[in-house]
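**Student:** For reference, the chains in residue letters:
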Amino acid sequence: MSGELKVAMGRRYKFSASHRLHNAALSADENREIYGKCNNPHGHGHNYVLEVMVSGPVDAATGMIANLADLDAYVERRVLDDYDHKSFNEDVAAFRKMVPTTENVCVDIFERLKNFSQAKLERVRVEETGNNTFEYAGDANEEPNL
Amino acid sequence: MVLLTRKIEFSAAHRYDNPAFSPEENRRVFGKCNNAHGHGHNYTLEVTVAGEPNAVTGMVMDLKDLKDLLEREIMQRMDHRNLNVEVPELAGKIPTCENIALVIWNLLEPKIPAGRLHRVRLYESDDLFADCYRATTANGNGSTRQGSAVKR
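So the protein sequences, as listed, match chains A and B.
Residues in the first sequence are numbered from 51 upward in steps of one, following my numbering.
Residues in the second sequence are numbered from 2 upward in steps of one, following my numbering.
Chain B extracted, bound-state conformation:
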């Protein structure tokens, strides 16, 4: 199996606020991310597709197709947007890195050949990111739970 990763960057605004919480509770739980007027990030998205290189083309997936898919599904939906109010898939959810990564996974998985989307990694900053992936079975390969050796 070979992994192929495409990286894109988009910029968006968000705010963490749960209307079920009191203002004090929102400030306590979300800290400065609760700022009433929001704030923003330059997000970096890495989308990894797995597969065997095609015997004729040598490709796991045509990068142009992946690039177009990310442009259509992610860039047009999220770039230079307010994630709280302009992205219907995030309506009613706190737009954390975890939730945005989940939304991105759910947007992309049906549009990529079955079982081939390997991982979505979304960086909110250099120091914070979320991964979305399907757990492998006990006999599967690539499980992050089974790592047993310190490796250089």
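Chain A with its partners taken away, still in its complex shape:
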């Protein structure tokens, strides 16, 4: 038995958004070749599920790692307000430079949430559909992607 005992809390949120996978640096043929139907010029959308994991000591007075209402409000303000019922390509600044794959969506969400003050952000996990899931836990060696 080694290692400190840790507790983490996972919270799931839903948002719906549209995207188009397209890289302007590639030719039209290359974009179609790489992204297939996700390159449809008029976009398409998903009902995404976001899972946020935070860890930290459990407060003896409240039994909580972080106040759930505060975490919900933070995620609402930092992510859902900008993401829900929006077009990633048109409405979210980060995706003017990045293709809005769900890999990149995970990275953007992690950057948006990593300064949550009540607990450590362990990772974010995004389900694009029930069959495709992506996770990001930050990268200690990576330059901040602000």
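Keep in mind that the hints were calculated from the coordinates and are not lab data.
Where a beta carbon is used, it is the ideal one built from N, C-alpha and C, also for glycine.
Warning: the hint list may mix true and false statements.
[As the list claims (entries may be wrong)] Label-pair ranges, simulated between beta-carbon atoms:
#, chain 1, residue 1, chain 2, residue 2, range
1, A, LEU76, B, SER126, 37 to 45 Å
2, A, ASP134, B, MET2, 34 to 42 Å
3, A, GLY86, B, ALA56, 38 to 46 Å
4, A, ASP131, B, PRO111, 44 to 52 Å
5, A, ALA119, B, GLU87, 46 to 54 Å
6, B, ASN107, A, ASN73, 45 to 53 Å
7, A, ARG62, B, GLU90, 34 to 42 Å
8, A, LEU76, B, MET2, 37 to 45 Å
9, A, LYS147, B, VAL57, 51 to 59 Å
10, A, ASN181, B, GLY32, 32 to 40 Å
11, A, SER52, B, ASP69, 23 to 31 Å
12, B, GLU87, A, LYS170, 44 to 52 Å
13, B, LYS68, A, ASP79, 34 to 42 Å
Mind docking chain B on chain A? Use the hints.
**Tutor:** Here is chain B on its own, set in the frame of chain A:
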């Protein structure tokens, strides 16, 4: 290393209330979870055990043993109970998902071969859960802190 997970469901009542807080403070901190008469959930518990498959049986752990352990330690203790008043391990604690997961970890860890309990995950609802696990060392594997790549 192979991970094996057993899932069980139990139903229980609870209430969040800290007697050291005023009624107003309890309502402010705990919201509707402070309702005087309590409320309940269908909890889903996932218990993950790690190990190498035994050369003879092909098993990481006999699932029947794990099933019996969860029946004895968790179901009989928590299913159709009030967590505030009927589970001594939670006495004096707010029965949040985090605290229940910790109690479950502490009940199971001594009864599972040393170092093999990998994770306890307790869902209070589809949208809220707590994990309990031992942090790995910097050189260890499986650390959730070291994840560096976006993976499909």
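**Student:** Does each hint fit the structure? Answer for all of them.
**Tutor:** So, going through the hints one by one against the coordinates:
1. Taking the beta carbon of each, A:LEU76 and B:SER126 are about 43 Å apart, inside 37 to 45 Å as hinted.
2. For the hinted restraint 34 to 42 Å between A:ASP134 and B:MET2, the CB-CB distance of approximately 39 Å keeps it satisfied.
3. For the pair A:GLY86 and B:ALA56, the supplied restraint of 38 to 46 Å holds, since their beta-carbon distance comes to about 45 Å.
4. At about 46 Å, the CB distance of A:ASP131 to B:PRO111 agrees with the hint of 44 to 52 Å.
5. Range check, A:ALA119 to B:GLU87: about 28 Å between beta-carbon atoms, so the 46 to 54 Å window is missed.
6. Checked against the given bound of 45 to 53 Å, the beta carbons of B:ASN107 and A:ASN73, roughly 51 Å apart, stay inside it.
7. Against the hinted window of 34 to 42 Å, the Cβ-Cβ separation of A:ARG62 and B:GLU90 comes to about 27 Å, which falls outside the hint.
8. For A:LEU76 and B:MET2, the Cβ-Cβ distance of about 40 Å falls inside the hinted range of 37 to 45 Å, so the restraint holds.
9. Taking 51 to 59 Å as the suggested C-beta distance range, the pair A:LYS147 and B:VAL57 conforms, at roughly 56 Å.
10. Separated by about 35 Å at the C-beta atoms, A:ASN181 and B:GLY32 satisfy the suggested range of 32 to 40 Å.
11. Between A:SER52 and B:ASP69 the beta carbon distance is about 27 Å. The supplied range of 23 to 31 Å therefore holds.
12. Taken as a hint, the range 44 to 52 Å is violated for the pair B:GLU87 and A:LYS170, whose Cβ atoms sit roughly 33 Å apart.
13. At roughly 56 Å, the beta carbons of B:LYS68 and A:ASP79 sit outside the given window of 34 to 42 Å.
Consistency with the previously given hints fails for numbers 5, 7, 12 and 13, ordered from lowest to highest.
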